[in-house]
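Colleague: Given next are the chains, with one letter for each unit.
2 protein chains.
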Amino acid sequence: MTGQAAGCIVVIMTEQDRAGPHFADRVVEAQKRKASVVVLGIDPQLDDAAAKGLPPSYELGKFCCEIVEACAPWVVAAKLQLAFFEARGLEGMRVFAEVAAFARGRGLLTIADAKRADVAHSAAAYAEAFLGSGELGCDAVTVNPYLGRDGVEPFLQRARADRGVFVLVRTSNPSAAEFQDLAAAEGALWEIVARKVADWGAPFVGQYGLSSVGAVVGATYPEQARRARQLMPRTLVLAPGYGAQGASAEDATAGARADGLGLLVNASRSLMYAWRQSGLGPGQAAALAAEKMRRELQQALAQSQTRAPAR
Amino acid sequence: MTGQAAGCIVVIMTEQDRAGPHFADRVVEAQKRKASVVVLGIDPQLDDAAAKGLPPSYELGKFCCEIVEACAPWVVAAKLQLAFFEARGLEGMRVFAEVAAFARGRGLLTIADAKRADVAHSAAAYAEAFLGSGELGCDAVTVNPYLGRDGVEPFLQRARADRGVFVLVRTSNPSAAEFQDLAAAEGALWEIVARKVADWGAPFVGQYGLSSVGAVVGATYPEQARRARQLMPRTLVLAPGYGAQGASAEDATAGARADGLGLLVNASRSLMYAWRQSGLGPGQAAALAAEKMRRELQQALAQSQTRAPAR
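Heads up: the protein sequence lines correspond to chains W and F, in order. Sequential numbering from -16 applies to the first sequence in our numbering. Sequential numbering from -16 applies to the second sequence in our numbering.
Treat the hints as calculated values from the structure; they're not laboratory data. Just to be clear, a hint being listed does not mean it is correct.
The list makes no distinction among identical chains, and a pair is therefore deemed to hold if it is satisfied within one copy or across any two copies.
No more than 25 Å apart at the CA atoms, straight line, and that leaves these computed lysine to any residue pairs for SDA-like [said to hold, decoys possible]:
hint: 1; residue 1: 35; residue 2: 117
hint: 2; residue 1: 179; residue 2: 158
hint: 3; residue 1: 35; residue 2: 116
hint: 4; residue 1: 275; residue 2: 241
hint: 5; residue 1: 35; residue 2: 9
hint: 6; residue 1: 35; residue 2: 136
hint: 7; residue 1: 45; residue 2: 178
hint: 8; residue 1: 35; residue 2: 118
hint: 9; residue 1: 17; residue 2: 278
hint: 10; residue 1: 35; residue 2: 133
Chain W extracted, bound-state conformation (with noise of 0.2 Å):
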């Protein structure tokens, strides 16, 4: 696709695998297009004591589509959360193929959030079900580098045509320092990932110097963010956090190149539940915060690019 040395990466590429443009590339080109770096994250959560995950009368596809038919103007991808449309079921499953197909329908780039590693012949098999032609494929899925290289390289084969992947490097969670921080000699655990990370992307850096396998870094721990960039210059980073799990736009910015490029910034909940706290419904009230949620980002990153240039 791009003309780089495949390094020692065995590259298996099929008919469909050869179809669309560069998966980093077509990811800068939807920020520029829209001003937006936002993501909608679809987790329509289950049923709780506190309260019901569906709004009165909607069904689970109508609510989905809704809230990314709405948001399809202010963000440049959806990320399917899978455990919600798995915890649902066959059903569930259904409808997580509907979804897709229907944000792709609406321009929009499609991350499976599935976090899968597994031993070569399974992680394959995932990477097929996530990143291939068939009913749940998408054009990016998160995976956890818990396996290292083996769990990893199925997907990475992905990224040589139209795919992208976003490997777990620290978390947005609150205990994600419980295994990612400890310290080894080369640094804390989740550093050592951060380099594999960008070794492994390499070969797969697009014309925007943007490599299609990309990272995620919680948007809740900005100074880890910064630190990230700098070990990881060319890594598309997806930071989740934002909203409901309590990232500021400044510290969901962090990550940012000094350009302004490379991040895209996750919110899940405080877009498809902003109806709860609105009169609106939960197209309209997802709409308003998304479009909220993209303009204080862009003006983070403008203000930071500001701050420091050199960063």
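Mind docking chain F on chain W? Use the hints.
Modeller: Chain F in isolation, oriented as in the chain W frame:
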């Protein structure tokens, strides 16, 4: 269920959760009844250049169920690898549910080899998917520790009742060492994870002294398996890697307790694809391979108990 103190763990009990007996106790009782530590891995491969994933004229469900039916007398559990079902889209997921139900009907424990983990809300949804009472629900699930306690907690809550959890500690793949062997002050990453798994499982120890919070320790690394047993004396170890991945019966039993308990050994391809090396049908070939594997592992366990009573 067994009267241990809950410690700091928040437990949400539902009617469904209260249903059955302790998971690790059920494993031990099945092992005693069948004189077997064998787990049948259901990994229906995808087609590749070398071979078709399904035997000629078989459909996915028929293939998997025939293998389960034939092996049921020799194995205590069926471990279904989610990747190979998700790779086949919605129809694959339908068959996953069908095969899991079929295995339960044949008296087998079911393990969803999902290797899931996510931030708390999402992890709770995965726990509902794979340890709940829905279509994809199994007796146990495999989980990934990278996110720390938060990502595992919702699964642990299900161990309070009759469900089991197997946390990845030291995996069976060639690149397992890449991150898992990183040396911190407290030991290698995988050893630190092992100690945590022992702690997390302490409130869930059953009448045989084994916790329903188990660990995955690859059979391909017997030295680590012996060390893992020292670090996790009350942990049920699920050891993949026997057969096609290269572990011998002696390797695979390295992680057993001195009394021979606490171990499950999985084989997938060497059972499901035994028909390729024989003139027999898939079920018949798998049954012969499973019986042979059962016998070899029982012999290796007996020998290791004779050889090293103080281990």
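Colleague: Among the hints numbered above, which are violated by the structure, and what are their numbers in rising order?
Modeller: The structure breaks hints 5 and 7; every other hint is satisfied.
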